[in-house]
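Residues per chain are reported as follows:
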Amino acid sequence: MYGARGWAVICLSSFIVFVIFPVLSLATPQDSAFHISQYWVTLLGKVMCFAIVAIAMDLVWGYTGILSLGHGLFFALGGYSMGMYLMRQIGREGQYQSDLPDFMVFLDWKELPWAWWNSDQFWWAALLVVLVPGLLALVFGFFAFRSRVKGVYFSIITQALTFAAMLLFFRNATGFGGNNGFTDFKRILGLPITTPETRMMLFTFTAFVLIATLLLARWIVTSKFGRVLTAIRDAETRVAFCGYNTVHYKLAIFTLSAVICGIAGALYVPQVGIINPSEMSPANSIEIAIWVAVGGRGTLTGAILGAGLVNFGKSYFTQAFPEYWLYALGLIFILVTLFLPQGVMGLLKKKT
Amino acid sequence: MTDNANASNESGGFGHIATEGLDTTHGVVLYLEDISVSFDGFKALNKLTLSIDVGELRCVIGPNGAGKTTMMDVITGKTRADEGSAFFGQTIDLARYSEAEIAHAGIGRKFQKPTIFEYHSVFENLELAMKADKRVRKTLVSVLSSGEKDRIAETMKQIRLNDSADRIAGLLSHGQKQWLEIGMLLMQEPRLLLLDEPVAGMSDDETERTGELFLSLAGKHSLVVVEHDMAFVEKIARKITVLHEGSVLAEGSMAQVQNDPKVIEVYLGR
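For the protein sequence lines, the chains are A and B, in the order given. Residue 1 is where the first sequence starts when you use my numbering, and the numbers rise one by one after that. Residue 353 is where the second sequence starts when you use my numbering, and the numbers rise one by one after that.
Isolated chain A (complex conformation):
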């Protein structure tokens, strides 16, 4: 799968996130020069979630040539699935000291809506994280790919899909907290969610999922299945005339990609402590495509790199010049499209 250098980089990264980060964050005193603050743990944890999404996006866009501009929806659905469980974990510690989540008390609801069935069980939440984005992608993809919706039309429909979902989730009656979404989480698996130890646990688990996703994606793209995907990107009719049912292939990778996004969303929500419908805004999905474009389409390392660069840039920019971030993002996208069609990876390859 990887050469010696690739494995070395993966081992080194693993060592940093699994050993150095926990030690420097938990075992060093607050005032030590080596101490890693909660801010950095949360930020890197968040970026790793985005990197997982970027890999998922790269599988469908960079490798299969399907530009989905609705991947933010799958991410948000995973987040909401986990968020429901986290809301139930609050128990009676909410403002109204009720068994129901606060927003339901506020709306004067007497019992949980059907969608919240079993939501106090972690295993159920974990199942929903995979099933909800996966099933939506499977059904949506089936109709879109079977009707041969391609290219920009597919992109526009996915934008519409995520926008429609956002409007739906904004409504209080939908039963997922309306425009406030879910927040004020207290516990996960019975552990207090804000302690450094729990946060480090979430952080290392995210790192583990990121590495696992990378290896899975790498295995896929180096298999014959992966070669069929790139062939679909380059000459779909020829693939069909070779006897492959391209609908099945596109559906398989699109659904897998959605599931990966859902898992990333589920890891994201407990770390940032909030999920609301703005995660489904069309702009969020476009941003995912920008990460991949910046890093380099069609290379998995590029996807991770792009998610990292853009998001660290964003976190710096939104603090230093908050009102200019969107301009900067737009400018980055234009410059990358014009001068770096292969993204940062293309630049690195040229250098070596």
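Hints are computed from structural coordinates only; laboratory data are not their basis. A few of these clues could be false.
[As the list claims (entries may be wrong)] Computed, partial: chain A to chain B, Cβ under 10 Å:
(1) Ile220
(2) Ala231
(3) Arg238
(4) His248
Just so you know, these numbers come straight off a predicted model, no measurement behind them. Every residue, glycine too, gets a C-beta built ideally from N, C-alpha and C.
With chain A held as given, fit chain B onto it using these hints.
Leaving out everything else, chain B in the frame of chain A:
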């Protein structure tokens, strides 16, 4: 072959047709009867009737707009006929199957413009085309056997690309791309090969070798060659079909066709 009855004609269908089951007892591999196709009132095919024998090398000529490409579209499932029937062998009704299923059943098609996988190597192009179980799960875990590698090597020799196994296909010359595409068709072990202007853009030398290749393939496979290059057609053709305005104008040997007054009027004479 009756178990194909439940195969759907949607592109999402799961049905696979086995080539081994192709019934050619009457010596006919392809039979088109009274096929009509119209686009917005324009009749691209008008009651076209044509049959191809097993092992035959048939050349199809005709002026632009005669319906040559539409005919191939109908055979390969890309376009559906408004009327008429198209049978592959005795039993396979082509109207009921998707493009992928028809390809799987044993009809290979070469496009006018060479379409190959530009970012894959020559070897990978042939690997992807190779006859195999092409369902998602099987493809995910597929590993090449040594027999399969030999077959790829053999085909590379046949199309004179044995020195370019690892070359990215996009970097090949135009003629080599055409050959690679023919090689990809051969990897599918088709019973019937449809070749749309296979020597377009080839040098004289390449054209000559392509002719030799086709002649060597006839017998083992059935070939339908659509070509404008009359010198090439003359060299390889045994039987020629002339299409005009969507139906067959004349059929026969080169000499017969050339002396047919109808043909002279609409095509060769002008």
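Requested in this report: Go through the numbered hints given earlier and state which of them the structure violates, listing their numbers in rising order.
Outcome: none
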